[in-house]
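Novice: Residue numbers (our numbering), protein chains in the order written: chain A, 1 to 1000; chain B, 1 to 91.
The set of hints was computed from the structure by calculation and includes no laboratory data. Glycine included, every Cβ here is placed at the ideal spot set by N, Cα and C. Heads up, some of the hints might be wrong.
As the list claims (entries may be wrong) - In the PhoX-like style, the derived pairs of lysine-lysine whose C-alpha atoms are separated by at most 20 Å in a straight line are:
(1) A:K965 x A:K860
(2) A:K741 x B:K83
(3) A:K979 x A:K908
(4) A:K354 x A:K413
(5) A:K194 x A:K166
(6) A:K453 x B:K47
(7) B:K29 x A:K887
(8) B:K83 x A:K888
(9) A:K360 x A:K236
(10) A:K741 x B:K29
(11) B:K65 x A:K741
(12) A:K894 x B:K29
(13) B:K83 x A:K886
(14) A:K390 x A:K413
(15) A:K520 x A:K413
(16) A:K908 x A:K968
(17) A:K221 x A:K493
(18) A:K438 x B:K77
(19) B:K50 x A:K438
(20) B:K77 x A:K453
(21) B:K87 x B:K65
(22) B:K50 x B:K77
(23) A:K453 x A:K481
To be verified - Computed Cβ-Cβ distance ranges for the label pairs, DEER-style:
(24) A:E649 x B:T32: 50 to 60 Å
(25) B:P28 x A:T872: 18 to 28 Å
(26) B:I91 x A:N456: 48 to 58 Å
(27) B:E22 x A:G94: 52 to 62 Å
(28) A:K827 x B:E22: 37 to 47 Å
As the list claims (entries may be wrong) - Now the stretches of chain A that chain B is said to cover, found in silico as 3 or more residues with beta-carbon under 8 Å:
(29) 294 to 306
(30) 738 to 749
(31) 888 to 902
Read off the chains here:
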Amino acid sequence: MTKYRINKTRFVDQTKTISFTFDGKKYHGFEGDTLASALLSNGIHLVGRSFKYHRPRGIMSCGSEEPNAICQINADTNLTEPNVRATEIELYEGLRASSQNCWPSLNFDIGGINNLISPFIPAGFYYKTFMWPKSFWKKIYEPLIRLSAGLGKSPSQPDPDIYDHKHEHCDVLVIGGGISGIISAKIAAKNNLKTILIEDKNILGGSTIYQNNKNFIIDNKKSNEWLMNEISELEKLDNLIIKTRTSLAAFHSYNYLLAKENISDHLPLDKKNGDIRQRLWKIRADKVIVAAGAIERPLIFNNNDRPGIILANSVKKYLDFYGVSTGLNNIIFTNNDSAYETAVSLFEKGISVKIIDIRKKSSSNIVKNAEDLGIRIYWNSTVVNTFGYKKIKSIEIMNLSEDGSNVTGNKHKIQCDCLSISGGWTPMVHMHTQSGGKLDFREIDQVFVPSEKSENHINVGSCNGDFELEEIVKNTNNKVKKFLNINESGFDKISVLCSKDLEKKNIWLLPNTISEGKTKSFIDFQNDSTAKDIKLALREGFKSIEHVKRYTTTGMATDQGKLSNMHALGIIADTAGVKMGTLGTTTFRPPFTPLTFGAIVGRSVGKFFDVVRKTSIHEWHVQNNAKFENVGQWKRPWYYPINNENLHEAVQRESKTARDSAGILDASTLGKIDIQGSDASEFLNRVYTNAWSKLGIGKCRYGLMLNEDGMVYDDGVTTRLGENHYLMTTTTGGAANVLSKLEDYLQTEWPELDVYLTSVTDHYSTASICGPNSKKILKKLFPNKDFSDEAFPHMSYQDAIIDKIECRIMRISFTGELSYEINIESKYGKSLWENCIKAGEEYKITPYGTETMHLLRAEKGFIIVGQDTDGTMTPIDLQMDWIVSKKKYDFIGKRSLYRSDTIREDRKQLVGLLTDDPNEILEEGAQIVSELDKKPVEMIGHVTSSYFSPNLNKSIALAVVKGGKKMKGQKLFVPMENKNINVTVSDFIFLDKENKRINA
Amino acid sequence: MFIINCPYCGVRDQSEFSCGGEAHIVRPKQPTELSDDEWAEYLFMRKNIKGVQFERWNHAHGCRKWFNMVRDTSNDKIHAVYKMGEKPPVI
Ligand SMILES: [Zn+2]
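The shape of chain A in the complex, shown without the other chains (with noise of 0.2 Å):
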């Protein structure tokens, strides 16, 4: 055993032990231990530098609320992970740790300068100090903060584990396994409640666990002794499930919780690999009770933050539970009664002890005892100053004035290698307020407490403000009886004997001689910040509690102001002189402690990332060299390089070819919506522009959605199918946005309409054919079929059999060629799509990808919604004034077109832009000016879309311009970083005009 390994505990397997490196170097601990503890049984208290000062820090606590234990863990490996609270790893075989924040090195640290300059780091320093000049950031502050904030390193390669996900749902759930939590979850399970009991220790019991002192006593049984007994028996009922390692992430409203689950963290690094790391539980409970427990509170004094000062409960459970003393000269400094539970513990033990008390007496057992044990005790006295540097020295105590306002009396000096503190308890209510519930302040011991108001969850024990063991089991018995309407429970009878805190003093911010602008009294000890920050904040005027605290930063770090907020908020009452009861609370938000990212994502990395939408067609397309586009959740091809090509030299090839001879598109992904009903052809004039009543069956229209204000919602073809029966198509990325807009407009304005909605995108393929020689080919595949323009003409469809298979074949362009689409169930599509090359072959049919369509439909200036519009857009602006219905009452978004704001004339609107040097292709994004030497230069426009048009042989692009319809002919330019590019305003449909070429 080491020096500071003291005692044998039932916890910790002293024949395993483990080896671990901290810093570099080896160590050794057992199994049972965490790091922290396993740290301190070797004599190791420095673990880290303040954030700001970069003071000298200490393990502090034993739990989640560890403000300065943070290690970076397995560092340069894939498995590393900073911010790793030492407090909270369970020791394992090859684990290695560092400490974060203290470049250079933990013992010889450069940012200890800035401890010598605190006087001129103040609250709100960053803001002050880095705020000008403005070049001075990029170059010197950012770095310069970056380098001392040390954060730790996130890590460079994949994350190998695996995380999983799981739903579960229970009658009640408990969360916290201490002492109250194994009541309920007994009184639920017992009663035949499916019940799951969370909590995140590896073991059960809370510090109920190590409780030994005589004083507390339950059935006649040591406290630790009943409930080891309990835990076995709860272990035994079926109907209960006990997640250990797991901790509370988030509460949502309506009992939806999400808990993680560690599953290999504390495992050995060479059992680690290839298994489940962590697991989030997403739980629905009809009831839950949370037994959170509580957090021992620190006091507030100058220099109270040296290596060495531990809460005095974590140095009871070092102690007690791991066996380790965190000093062998203890000294207590404390404000209640259950410090004195460590004194006890201490002395017996055999480790010299004594108390500082600011309280003028207590008259309770556990103090009878330390007192009958003849340990010294200081009433009235308080800390005020504190010394030695990489560990606690020496401190220096004074007495106390009358009312606690200040000190009285000499220093008096006492040597010590450890400062076990105690400012009493804090409520763990951050369950209960993220689940929408409120708290009530009690005065008597300045805590807050929830105010129980839900009748689907309840707190009990110590995060419900109950802090007496006889409290706790009683109180927790009742509630809990009467929250899942039970008569009776195996508690009823029990008897419990404790000692009670009668005698309560608090001082938020203790006393000194030297003023406070001389002190350190740190509150935030993370974040570095001081009580002295919090009232300079409140001199500069702050007063909402969220508002000092994003100044001053308390309560930022990633503890979360566990420890900080109750005095940040004292202080602030104090200071302003209100009660502390009207300040209200900062906002405790998702999660309670951090969640990896893996967690969060779950198994939805890599393939399972998003669904991905494949055509019928896909696999032709990637064996014949695609290069995809995402659009939406399809992948679309987005051009088919032969050899070596480029995006732009594929791109030119296939636009060419299709205008010269045919190309085809595998266009299965557009939304297609078959629409039904008698009052089908009313529910059309209803939602788009343009007038349907009249487009006879076997015809095509293209439609344009406007939104109710008036904007471009959608585009595409609709078909006339039969009487009552239609075939809507949407853009690929509309699709499922239409039919939703439509569904809301056909159920909640237009109930009386006979009309029926089918999503059909996914049931048909579609080959769309384009080109001069297009009809050629068609009249291959359908020989029987007459595709004359008098037969077939231009907008209208035609139902047709290919190999004994049905099929549509629409004639419509988007394009602007002689151009078909057919359309064939789903299954069918790969082998249309091979018939249709096949039969194309000799005129050298080249398959187009999406760059190739769009470049196609720009060079006749037809619109891509979403690309040419973005939601500002009417069709007035798009210079599609032929498409909205005068005749029609009304449509959706008709009104709109005339608000004041609609018919402005100096509104963005679409015009074609062309370059000076023709070879000059424009960035699509790229902002329009009319004026370059105007101060501020005002930006008239931007560029929509930007092709080089190889049937034009020229650069063309779409753009939208204030006031652009007037524009034709007008310089205008396009500033770029290096250049100003010349362009001149023009129609924007640039090729074929007369629409000669769709019957070519």
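With chain A fixed as given, assemble chain B with the ligand onto it according to the hints.
Specialist: The following block gives chain B with the ligand in isolation, referenced to the frame of chain A:
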């Protein structure tokens, strides 16, 4: 994460639903008769109440039906769900 009682399907998780904003705003029957201000009132003006609010919801990943819901936005308590066209309950 609420639990919503779809009037057509029954009790389902909130993740199956989407919210469509304030309920009982009727599209004017004769929009052309309205002034710009009157049309803007219909088009843009929505309440955002802290407290009891009447909302439209859609069982988007279920029956695709729209219905109305009365929800207290301060605590997410759902007071009632009812079908489109039905009279709003008095809360
Ligand atoms: Zn439903």
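Novice: Now tell me if each hint is right for this structure.
Specialist: How the hints compare with the structure:
1. With a C-alpha separation of about 17 Å, the suggested pairing of K965 of chain A with K860 of chain A holds against the 20 Å cut-off.
2. Proximity of K741 of chain A to K83 of chain B is assessed by CA-CA distance (about 18 Å); at most 20 Å being required, the pair is judged to hold.
3. Only pairs whose Cα atoms come within 20 Å are accepted, and K979 of chain A paired with K908 of chain A is rejected, the gap being roughly 24 Å.
4. Among the hinted pairs, K354 of chain A with K413 of chain A is consistent with the structure: their alpha-carbon atoms are about 13 Å apart, no more than 20 Å.
5. As the CA atoms of K194 of chain A and K166 of chain A are separated by approximately 17 Å, the hinted pair is consistent with the 20 Å bound.
6. Simply put, K453 of chain A and K47 of chain B have alpha-carbon atoms about 27 Å apart, too far for the 20 Å limit, and the pair is violated.
7. As the CA atoms of K29 of chain B and K887 of chain A are separated by approximately 17 Å, the hinted pair is consistent with the 20 Å bound.
8. With a C-alpha separation of about 31 Å, the suggested pairing of K83 of chain B with K888 of chain A is violated against the 20 Å cut-off.
9. Straight-line distance between C-alpha atoms of K360 of chain A and K236 of chain A comes to about 48 Å, which puts the hinted pair past the 20 Å bound.
10. Our distance criterion of 20 Å between C-alpha atoms is met by K741 of chain A and K29 of chain B, whose separation comes to about 19 Å.
11. Simply put, K65 of chain B and K741 of chain A have alpha-carbon atoms about 12 Å apart, close enough for the 20 Å limit, and the pair holds.
12. A threshold of 20 Å between alpha carbons decides the hint, and for K894 of chain A with K29 of chain B the separation of about 13 Å falls inside it, so the pair holds.
13. Distance restraint check for K83 of chain B and K886 of chain A: the Cα-Cα separation of roughly 36 Å exceeds the 20 Å cut-off, and the hinted pair is therefore not satisfied.
14. For the given pair, K390 of chain A sits about 19 Å from K413 of chain A by alpha-carbon distance, which is consistent with the 20 Å threshold.
15. For a cut-off of 20 Å, the pair hint linking K520 of chain A to K413 of chain A stands: about 19 Å separates their Cα positions.
16. A distance of roughly 14 Å separates the Cα atoms of K908 of chain A and K968 of chain A; the hinted pair therefore holds under the 20 Å criterion.
17. The straight-line distance between the Cα atoms of K221 of chain A and K493 of chain A is roughly 15 Å, inside the 20 Å bound, and the hint therefore holds.
18. For the hint linking K438 of chain A to K77 of chain B, the alpha-carbon distance of about 15 Å falls within 20 Å, and the restraint holds.
19. Between the alpha carbons of K50 of chain B and K438 of chain A the distance comes to roughly 16 Å, so the proposed pair stays at or under 20 Å and holds.
20. Between K77 of chain B and K453 of chain A, the direct Cα distance comes to roughly 13 Å. Compliance with the 20 Å bound is thereby established for this hinted pair.
21. Only pairs whose Cα atoms come within 20 Å are accepted, and K87 of chain B paired with K65 of chain B is accepted, the gap being roughly 17 Å.
22. Among the hinted pairs, K50 of chain B with K77 of chain B is consistent with the structure: their alpha-carbon atoms are about 12 Å apart, no more than 20 Å.
23. For the hint linking K453 of chain A to K481 of chain A, the alpha-carbon distance of about 17 Å falls within 20 Å, and the restraint holds.
24. With their beta carbons about 53 Å apart, E649 of chain A and T32 of chain B fall inside the hinted range of 50 to 60 Å.
25. Evaluation of the 18 to 28 Å hint for P28 of chain B and T872 of chain A yields a pass: the beta carbon distance comes to about 23 Å.
26. Distance hint for I91 of chain B and N456 of chain A: a CB-CB separation of about 20 Å, inconsistent with the stated range 48 to 58 Å.
27. Between E22 of chain B and G94 of chain A the CB atoms are about 59 Å apart, so this pair conforms to the stated range of 52 to 62 Å.
28. Separated by about 45 Å at the C-beta atoms, K827 of chain A and E22 of chain B satisfy the suggested range of 37 to 47 Å.
29. Counting residues of the stretch 294 to 306 of chain A whose beta-carbon sits less than 8 Å from any beta-carbon of chain B gives 0, not enough to reach three: the coverage restraint is violated.
30. Figure legend: the stretch 738 to 749 of chain A, annotated as covered by chain B; annotation consistent (6 residues with Cβ-Cβ distances under 8 Å, at least 3 required).
31. Under a criterion of three residues with beta carbons nearer than 8 Å to beta carbons of chain B, the stated coverage of the stretch 888 to 902 of chain A is upheld, 7 such residues being counted.
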